[in-house]
Amino acid sequence: MSISARFDIYRGRFSLGVDIAIPESGITGLFGPSGCGKTTLLRAIAGLDHFPKGHLRIGDQIWQDTATFIPTHKRMVGYIFQKSNLFTHLTVKNNLNYGLSRVPKGHGLSMGTIIDLLGISGLMDQYPATLSGGEQQRVAIARAILASPRLLLMDEPLASLDLDRKLEIIPYIEVLNRDLRMPIIYVSHDRDEIARLADHLLLMDDGKIISSGPIADVLTRVELPLAQGAEAESIIRAKVRDYDSKYQLTILESSFGRVLVPGKKLEVGRDVRLRIPARDVSLTLAHQTDTSILNIFSTTVDQVFGENTPEVMVKVKAGDTAILARITRRSADNLKLKPGMKIFAQTKSVAVLA
Amino acid sequence: MMFTEADIVALFVTVKLAFISTLILLLFGTPFAWWLSRSKWRFKFLIEAIVALPLVLPPTVLGFYLLIGLSPSGPIGTLSSSVGIGSLAFTFPGLVIGSVLYSMPFVVQPLQDGFRNVGVSRLEAASVLGASPLDRFFTVAVPLARPAFVTASVLGFAHTLGEFGVVLMIGGNIPGETQVVSIAIYDHVEMLDYNKAHLLSGVLLLLSFLILTLVYRNRGFKVVAS
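Protein chains in written order, with the numbering used here: chain A, 1 to 354; chain B, 355 to 580.
Honestly, I wouldn't trust all of these hints.
What the hints assert, rightly or not - Partial pick of chain B residues on the chain A-facing surface, computed with a CB cut under 8 Å: (1) 440; (2) 471; (3) 475; (4) 478; (5) 482; (6) 485; (7) 486; (8) 494; (9) 497.
Don't read these hints as lab results, they were simulated from the structure.
Where is the CB? At the ideal position from N, CA and C, for every residue including glycine.
Construct the entire structure; sequences and hints are all you get.
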């Protein structure tokens with residue numbers, strides 16, 4: 001089941017023109033600054049707003065084209081808003097039943113499974129007003145999933161929560177993504193959330209999609225604004241291999257080779273994401289051995305970006321995967337960096353996103 | 355000191371009038387208030403001003419126009435005559451029409467506010483969960499606006515209970531048909547029968563107070579529901 005959406009929206013001075021394809025599984029992050037049209041696009045996909053110039057197909061179903069406009073309540077679409085929008089006159093249980101009782105059975109996941117997945121089994125007889133913000137949002141997510149959506153839209157679901165509540169919910173969204181094979185579009189303007197959750201990335205600015213692809217690719221496209229600030233970073237995938245109890249190091253395997261991360265005892269075999277800030281990567285021609293740096297990767301220079309700036313962004317690759325290194329232009333010149341050149345990337349910090 | 359039979363009949367007519375008028379207002383006022391709360395029509399304010407008119411208009415003015423309208427040559431009178439009911443002036447159904455118009459703002463305005471407070475976001479949440487427009491109106495909007503329904507019913511009822519000017523103009527004073535308590539009190543006072551006036555006034559005072567206690571207590575759970 002593939003999803004394609006094309007919209008041309010004009011509303012006063014705001015215009016939005018997109019033509020996107022969304023993978024059938026995994027979380028597609030829709031990332032961009034506030035006001036760039038993320039929510040407008042999501043509402044158009046849900047059918048909450050009707051913009052005449054649009055074409056929207058979910059698998060073999062047309063949700064909108066010139067002749068068709070399926071109303072929201074017949075779309076079987078899930079939508080998580082910034083606010084939980086729970087029905088305050090109903091108990092948690094009846095909130096969950098609201099969607100469940102209105103749609104034909106879809107994924108066949110029982111209420112019990114979803115309740116356990118989101119850790120809300122103890123809240124069933126309570127009213128929403130008595131729940132914390134994080135609990136309310138978890139109930140809202142469960143309620144949306146129980147309605148068997150063919151596509152789940154999440155519009156900055158964590159934006160109204162404080163950091164602790166965010167950290168409380170993120171693991172649940174990760175589990176959802178792993179256990180339910182349901183396409184999710186996740187809107188956010190928070191880099192950390194996107195880095196942690198998104199498998200694919202749609203980069204949006206001023207009503208346009210400026211880049212899209214697997215997150216590791218998009219983050220390392222040096223020409224994008226995303227890869228230019230001090231915040232630039234790379235994401236690589238890794239598998240937990242072992243734990244060195246003597247030095248308290250987690251040993252992971254990635255396409256760049258072995259990676260050591262302090263602390264973090266994780267179960268062996270688990271897939272995790274590693275985040276490597278570009279400013280913490282340095283490049284060296286020779287493999288250093290007398291250094292405190294733990295993670296040194298053998299790589300090939302792919303691209304050097306930046307001409308009249310004090311610092312340049314270097315994209316280095318190992319196989320298909322890339323990371324970014326932010327170094328001074330002077331160092332780049334000294335090293336005579338050129339595409340294709342072998343180089344060692346030393347990473348001062350690697351964070352496990354799990 | 356006892357109620358006369360006429361007083362009891364007047365009480366009964368009053369309560370019946372208030373009950374039927376409130377029922378009609380809730381029935382037609384609910385979709386109307388819903389429309390007012392959702393519509394983005396630019397001339398909506400005209401309708402809102404018309405609904406609010408009975409708040410400022412002397413009841414005699416409203417009653418006077420109603421009398422003209424209900425008379426056999428008036429627009430409503432012509433219509434009712436043509437379907438064979440005859441003129442509605444000085445009849446109980448005529449009083450109901452008058453009360454409905456007179457008490458309309460007391461029912462429609464709280465409902466409109468109540469629906470506005472429900473907001474769009476929870477209705478949108480219901481629509482993504484598969485609820486059709488009618489479904490979400492009954493399962494989300496109405497229950498969430500419940501305090502507004504209580505306020506609207508009670509105010510509509512109480513206000514009709516105290517109606518005087520409109521009844522005076524279009525109801526006449528027919529015992530058992532159009533004589534309501536407020537008119538009966540007026541009659542007693544005119545006859546200098548203060549004892550009977552006291553009795554009926556006391557009943558109305560007590561009843562109105564009880565009803566208003568209900569409204570103000572209801573404000574308490576309004577906070578919880580929103």
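Right, here's what the structure says about each hint:
1. 440: Constraint on residue 440(B) not satisfied, violated at 47 Å.
2. 471: At about 11 Å, which exceeds the 8 Å cut-off, the nearest Cβ of chain A leaves the hint on residue 471(B) violated.
3. 475: 5 Å, holds
4. 478: It holds, given that the least Cβ distance between residue 478(B) and chain A is near 6 Å, below 8 Å.
5. 482: At about 4 Å, which falls below the 8 Å cut-off, the nearest Cβ of chain A leaves the hint on residue 482(B) intact, so it holds.
6. 485: This interface hint holds because 6 Å falls under the 8 Å limit.
7. 486: 5 Å, holds
8. 494: 6 Å, holds
9. 497: The hint holds - residue 497(B) has a Cβ within 8 Å of chain A, the shortest such distance being about 4 Å.
Of the numbered hints given earlier, the model fails hints 1, 2; all others are met.
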